[in-house]
Amino acid sequence: MQTKTNKLSITSYLNFAQLLEVYRGNHEENRLFALKYKSPDKKPIKMLLLWAKEYRFHLTQGLNSKAFVAYIGTTTQLLAFLFLLTGFLTGLGLLSYSGDAPVNITYYLFFAMIVPLLSMLVSLFTMFSRGGVAEFFSLFLSLHWLDKLVSFLPLESKKTFSKEVLLPDELTKWMMIERMQRISLLFSIGLVMALIFVVVVKDIAFGWSTTLDISVNSFHSFISTIALFWKDILPSAVPSLELIEISQYFRLGERLDKELVANANQLGAWWQFLAMATVFYAIVLRFIFWIFSYYGYQKILHKELLSLDGVTTLLREFSTPFVSTEATQGEKHLEIVKEDNLQVQNFMRKSYPNILGWNFSKDEILLANDSKEITYSTVASVGGSNTFLEDENKAKSISKTALLYVKSWEPPTMDFVDFLELLIENKKVDTIHIYPLGTVGRYYESDAKDISIWKRKIQGLKSEKVWIIDD
Amino acid sequence: MIDIVNDKYSYPKFAVVGHPNKGKSSIVSSLALDDSVQIGDTPGTTQVKRGFPLTVDSKVIYELFDTPGFQRARRILSWLKEQEPVSADKRPKVVARFIDEHREDKRYLDEIELLEPIINGAGIIYVVDASKPYGPEYEVEMEILRWTGQPSMAILNLIGNEDYRDEWKMALGQYFRLVRTFNPVKAIFSDHMGLLESMAQLKEEWTVSIKVAIGILNNLHQQKVEQSVHAIVSNIQSTLSYVYVQEIKAEKATKEEQKSAKEKYRQEIMAQEKKMEKEIEFIWNHRSIGKVENLVIFEDIGLFSKESASIFGLSENELIITGASAGAVGGLSIDAAFGGNTLFLASIFGGIIGGVGAMVGFGNLYEVKILGKNLGKRELTVGPMKNLNFPYILLGRSLYHASIVAKRSHALRENIELEDEEFFTEQIIDSDTRKKLEKLHVKLRKGDEPSSEMIEEYHKIVLQSFLRLLR
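One line per chain: the protein sequences are C and P, in this order.
For what it's worth, numbering that gives the first Met the number 0 labels the leading residue of the first sequence as 0, then goes sequentially.
For what it's worth, numbering that gives the first Met the number 0 labels the leading residue of the second sequence as 0, then goes sequentially.
Please note that the accuracy of each hint is not assured.
Claimed, not checked - Cross-link-like lysine-lysine pairs, in silico, BS3-like; alpha carbons within 30 Å at most:
1. C:393 with C:371
2. C:298 with P:459
3. C:35 with P:223
4. C:45 with P:223
5. P:442 with P:273
If you're looking for bench data, these hints aren't it; they were derived computationally from the structure.
Treat the numbers as computed from the prediction; the structure is a model and nothing was measured.
Using the sequences and the hints given, assemble the complete structure.
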């Protein structure tokens, strides 16, 4: 998933992004994970990479990073070799010496110093610009065009990842800048190799020539400025005024200057300066640039990883205690009985031989009778503070029809059902009317929902004796 | 034999008990922030006890038990009293013996389910419906609970419209240490915390745990607020900068292609809003909200509708002030007919120039462009949203939805209707604040990446507005 040291790389970035697409865990899991790996040095990136390692098994499909890294690796290696070769061949070309005329150091300096410096400047502009401006500057980078050229090659690995891997623009930019420094470094190394090779195998005379009206002194100052960085360490690599003077040649005349020819043995001394100029400006500076771009690339890789969709949540879940208030076990759901074949009457009789009040006091029963204008023979309070034995006796003592007042808002308990079953079992009782009453404050009017509860409960008893009054 | 737990170091447990259908499950659902609890108006909805532990990283802080209601309380009290008389300190053992001896007796399944956690050390939360009159039949239940010897409190739940709290308080005060009113359906977060404070007073040893729980729940609430604001701001960012891209073959897009692209653009924006709503419902633990019939708050009020604009958009004057002060774009155009005929979804493209208003239609809400592409293909792009009022409509709707969800009790199973209130957004976000918001809107409209400071400021404003709505 990632390197052994848990260091962030493009591979770990791509794998992490791919994992986030298919799996993000939940707060509980992620918090547990964070607690498992809790230690003071666990930085966000490190934690994220550890998390990715822990859950990598969710990536059942092939890793996009594999093809991408293979493609980038192959193209970079290919280009690196080409740049090294080009550098070497360019060096050979620039230092080609037939003996007719000296090798013009200004040409060499242009490729060994000016071109790399310009390239580094463009890299610098690209690094510190964004969007369209960065894109514009990147047009001046050779790698931009070389990558485009390579992309036309029918490489199998490119086909595999091209649809899946969409890198952020900034990351793509820094990746290219970093690769650019690497391959440019190889170009310069090729150049130095060519210089050393030519110097070793050939006796070269160097000279300088320009159309511009530049005096020897000015050119000496210019050369001295270039050599400023190594003049104290390697004085022999700083051309003297005398060398510069004898090295100058002009375009007119078929033959070389006599002085130039006379001092031909000294003209080869330039090579040290040229080698140092290449090493310092094209290699050392480029190396510093590479370090800088690598640091920038790593920084942007970190930034882009942290801005991936889902990372903020993941980090929050790592650091936030998981609080749960939910039940640990499932719920046993109650089956609601449908209302059918209900024994419901929508009127009451005017007279009942027995009136019982479940959880009503005797006074409350009498008040209800008054209100409903019902005449009666006996009235009794059942339930409430009566004992079950008292209720049993009352249930056994009545006969014929009984009206049973109940509190409509109090759903029937099994205590009530037990009493009702005693009444049903009493063979002297032929009809039981259950009348759910509302509160006195509402003049005994009940809610339909409460009546419905009573109906369903009574229906469950399946007794032909019991009727619900719903007036 | 059941062990009577007196371990002062164990976490506090509370059994919510009472008569059937008095809102025990509603109270548990509300306190446990869990809307999956089955709540029904049919007695016996809860058939077995169910524990709702408050856990932090798997450590239980306290546990609530939802229990079935009393069914045969008289028989149990009768059994308890029939036993050899014991002193008050031995009574809990008699209750424990009842449970042991009747475990296989189907008649007492409910009572055993509700008494067992109490005998195992749970505090008692006795729930009554104080919108219905007090009845002496409750005294049997209260007496049984007194026999258990556990710390207890009573909750007056007002299910209906009547209020009998005074008579209930007179009776309950004789049995319970604390009597509190708590309506689980209407309770907001501060009510929950108030109830927990009361529960902390039940037993000295529980105070610390409950105080810790209050702190945890306060933090959790704060996190949920932050996460909701994050979701809202992210959605505004992505919606306002969203661009729909469709490939076209011809030089110009046909009317049908334009129409279809605009429709897809709108659908995507609506889908993003729905996704954000779901995310907010998830944050607030309203997992079953979608199952409630007609609960979808904006069901009939589409994001692009006239109603939405009149409720959540800015008034014409405020729109001009906001647009002009923000210096959004050059020129003013008021879309007086958003969706054909609304004044409030006016588009102001820029500062006021001589008070000239140009009417633009629905199609001008967002930019439609044809862009050239490689290999002769062309793209039709719709977006980003140019309408000046749209961000306020989206923000207003998001804040409204989030506040409804955040304040919604987990015990509520009913629909909430959108109040007919004009200029909701204008009321919660003043003109000065809107100018700050407008900076981000302008940036997103241009398709530019806003700075993190800008998003942070926007986040702060949305947070303040959201907190105001939660009060």
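Okay, the hints, checked on the actual structure:
1. C:393 with C:371: Holds - the C-alpha atoms of residue 371 of chain C and residue 393 of chain C are around 23 Å apart, at most 30 Å.
2. C:298 with P:459: holds, 28 Å
3. C:35 with P:223: Distance ~25 Å between residue 35 of chain C and residue 223 of chain P Cα, so the pair holds.
4. C:45 with P:223: holds, 27 Å
5. P:442 with P:273: Within the cut-off at roughly 24 Å; holds.
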